[in-house]
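Asker: Okay, here's what each chain looks like letter by letter:
Protein chains: 2
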Amino acid sequence: MSEEKKSDSPGSAKPSKAERTRQRILETALRLFRERGYDGTTMRLIAAEAEVSLGNAYYYFKSKEHLIQAYYGRSHADHLVACIEVLNEKKDLKARLRGVLRAKIETSQPYHRFAGQLFKTAADPASPLSPFSPESMPVRKEATELMELIVSGSDARVSKEFEEELPRLLWTYLMGIILYWIHDSSEGCRRTYLLIDRTVDIVVRCIQLSTLAPIRPLFRGALKLLAELREVPEPSEEEAGAEADG
Amino acid sequence: MSEEKKSDSPGSAKPSKAERTRQRILETALRLFRERGYDGTTMRLIAAEAEVSLGNAYYYFKSKEHLIQAYYGRSHADHLVACIEVLNEKKDLKARLRGVLRAKIETSQPYHRFAGQLFKTAADPASPLSPFSPESMPVRKEATELMELIVSGSDARVSKEFEEELPRLLWTYLMGIILYWIHDSSEGCRRTYLLIDRTVDIVVRCIQLSTLAPIRPLFRGALKLLAELREVPEPSEEEAGAEADG
DNA sequence: GTCTATAACCGGATAGAC
DNA sequence: GTCTATCCGGTTATAGAC
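Chains as they are written, first to last, in this note's numbering: chain A, 2 to 247; chain B, 2 to 247.
Hints should not be assumed to be uniformly reliable.
Same chains, same names: a pair is fine if it fits in one copy or spans any two.
[Said to hold, decoys possible] The calculated lysine to any residue pairs, modelled on SDA-like cross-linking and capped at a C-alpha distance of 25 Å, are:
no., residue 1, residue 2
1, K225, C190
2, K65, G41
3, K225, T173
4, K225, M138
Just so you know, the hints here were simulated from the structure itself, not pulled from any lab data.
Generate coordinates for the entire structure from the input sequences, incorporating the hints supplied.
Answerer: Written out as structure tokens, the structure reads:
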């Protein structure tokens, strides 16, 4: 989604030559990432296969890591498509959540190896690729909105105060699943699917419990902790150092 | 701990010249990591400041990442020292757990920036530096044993079946805290300390609940899930490719 | 066999000409 | 927008010195 900032409306007939070149580089890169992993794919190779010079590739993507941002966008778009059906047809919260999580893993499967190496650069909190970084805000926001959609389109009741925090919590949950998946070397990543099936059950049960009066205090405590953690002030930013996106 | 495989017993008087050179390189590297971060420290600089040639530095440490393994060892040793007091003096589980966690953060503080960049290479599941990798087994084992010590030296009662899994769970909990700490940019990492204080409370309460009859089934379910996840077989290993430690 | 050093190689990234 | 030439840093090859 956030990968095309340029002129033409998405559906229009004639993308500029530049746009086509950019697209060609991206497609080539994604293909090579699938085929050879992240480290196994050199910028020189991407440039060669996309039939542009090395410098030219860098004209379109400021760094190898920026190709990953593009991957994020693509991955989320694929995920959305794969989710539509279950979100349209099911009202049951558990089925919706399970469907969305499985769809994420399924659409990501071709990139499993890549994702591991990818995670490596994404894990650095200073990297613009960290899912927590400002630069990742757009994708994170879209993903969080999807989480919200799971709940709001379901027939489940959620306590008001919990409702606001829930999408972020579900997103964190999704990150956890992905983290597990990245390390999952079982055949066909069966363990990850098992983890989803089992934990979805627990998570949904917890959400439903949140409406239950006797349990409320516990949830309030947890929510308060989350709020507190956000309240402790950051030190005045001064060392970021990186030239804020040229 | 695992950083000296060589001859001399630790306390002995005359470490070989080689051992001193190795030590000099490591100390220099750790100092530079603290001062300039991981990416900001080049192997050439480490070599220069340690007054050895570049090639020589590589003789002692197979790669820049291997310096990180050495850091792990050092970090754990420092942690142990910082833990002794609380482990000797307190019997209360909560106090012990809290003390050990805080000690980990305190001793790691000088490396906060470094740890972020470090985590980047550690996050790749294929990397020998992943905390889940076989190569990290020794440090992981030691750390898990420390977790066991927290519980076994306390006056808390733990259900038998839970006892075996608990150290691993606590280690995962510690990893979570560290992950949070790495991303924590609050002043003096106050958020992390807050997170510790609050979650220790919850964790200890859960452990104590494990002895309560009515809750047992819930714990059994969770333990069973963990077991199941381990049971799903790995595919026959064949693609590891890396020459198993030359 | 243990240690040390120099000179490459490779790949990510940049400068600057066209 | 496209290229070539170059830098920089991790890593390796390899040749010697002890």
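Asker: A separate judgement is required for each hint: does it hold in the structure or not?
Answerer: Now for the hints, and whether the structure bears them out:
| no. | hint | result |
| --- | --- | --- |
| 1 | K225 / C190 | between (36 Å within a copy, 19 Å between copies) |
| 2 | K65 / G41 | both (12 Å within a copy, 19 Å between copies) |
| 3 | K225 / T173 | both (17 Å within a copy, 24 Å between copies) |
| 4 | K225 / M138 | within (24 Å within a copy, 37 Å between copies) |
Checked against the numbered hints listed earlier, the structure breaks none of them; every hint is satisfied.
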